[in-house]
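Student: The lines below spell out each chain.
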Amino acid sequence: DQQVKQNSPSLSVQEGRISILNCDYTNSMFDYFLWYKKYPAEGPTFLISISSIKDKNEDGRFTVFLNKSAKHLSLHIVPSQPGDSAVYFCAASEAAGNKLTFGGGTRVLVKP
Amino acid sequence: NAGVTQTPKFRILKIGQSMTLQCTQDMNHNYMYWYRQDPGMGLKLIYYSVGAGITDKGEVPNGYNVSRSTTEDFPLRLELAAPSQTSVYFCASRLAGGGNSPLHFGNGTRLTVT
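Chains as they are written, first to last, in my numbering: chain W, 1 to 112; chain Z, 1001 to 1114.
The reader is advised that the hints may include incorrect statements.
Stated by the list, open to error - Example chain Z residues on the side facing chain W (calculated, C-beta under 10 angstroms, incomplete): (1) Q1006; (2) L1103; (3) G1108.
Just so you know, these hints were derived from the structure itself, not from any lab.
Just so you know, these numbers come straight off a predicted model, no measurement behind them.
Each residue gets a CB set at the ideal place from its N, CA and C atoms; glycine is no exception.
In isolation and in its complexed conformation, chain Z is listed as follows (with noise of 0.2 angstroms):
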């Protein structure tokens, strides 16, 4: 059982470069959530899903999109990098909403935009 997946694991990017990071998982999980890890502080939820078809913006949106065409993958897209998105990007999911039902997180993507 792989959990969740994402890739790349580490990426650069020049500024103005766009690229996808994929996230998949394999545990029919039906939420979906994608966060950001800057140096020394908590993660920030950038957007979410609860379902195939259905997405949200969480804190932290501008400069990011994802789609939702299945349950399984929740890829992140940035269009125009900018130095402010170098972080560490977390993928996670979850079968259901609600506090008692924990997030499981891939184990991420470093991303430097330069």
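Chain W on its own, in the form it takes in the complex (with noise of 0.2 angstroms):
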């Protein structure tokens, strides 16, 4: 049972254009959510991360939507640069909870 669902697995874009990357999640329990970025042969890397009780957060040009009632969050990212392609994870927590769940995640392709 996959409690949080990267359905895209891949996703190519021009560079200036806005890249769209969407999660979609089960548990309702889950009051956190956060994005991180992985390249290659590295560890991944924390991004940017929304609250249960706020439906936008924005940092630079990277902002996270939520729409709880549809268990659903996206990642948009504008302009995009080629530095952006890498390997994107969603992954959420509940309040108090120990442990974060991570999505399949998606692939960038940023095309100078």
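With the hints as a guide, bring both chains together as one complex.
Tutor: Written out as structure tokens, the structure is:
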């Protein structure tokens, strides 16, 4: 039972355009959502997060949107840059939880 | 500040051999985690620890053991290596539990069992 799903395994976008990554979850107890970015041969690094009391959080070119009723979140990258080419993981946690549950990842390729 | 350090970076094991994957962090984090990432897949939690002397199972603990004798170190032990344990293993730590405390990851150990 996959509690966090990223249904698009890959995404290709032109430099300067918007990248939209999607994530769905099933556990209604999830209270906090995070996005991680991973380059080859490196560990994932934290990118941006959002609490369930918000529907949007922005940090520079990265914005995360949360739709609690649909159990859906998305990450927008505007404008996309070649250095954004990486695998992006969505993760979720319960409010007082000890564990993070990860989705399967979306590989993003930004073409110059 | 080194963060989370994992050794070795690469290892090839024969079926039935054993090994310990080392993980150490210098951020004084209480919480530590072991994840595995299979090709094309997400991260699955093997074991985690909320402090020295306390460990708990994650989603895929079978075939592994852990210990947490100090705050800094969280080694992962494979006793009888099997081909199904071929994966990339990531150790991570964070200061506290709850959602708003991001994980800090090491760069991984790539393990092949043949």
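Student: Checked against the structure, which of the hints given earlier come out wrong?
Tutor: Hints that this structure does not satisfy do not exist here, as all of them hold.
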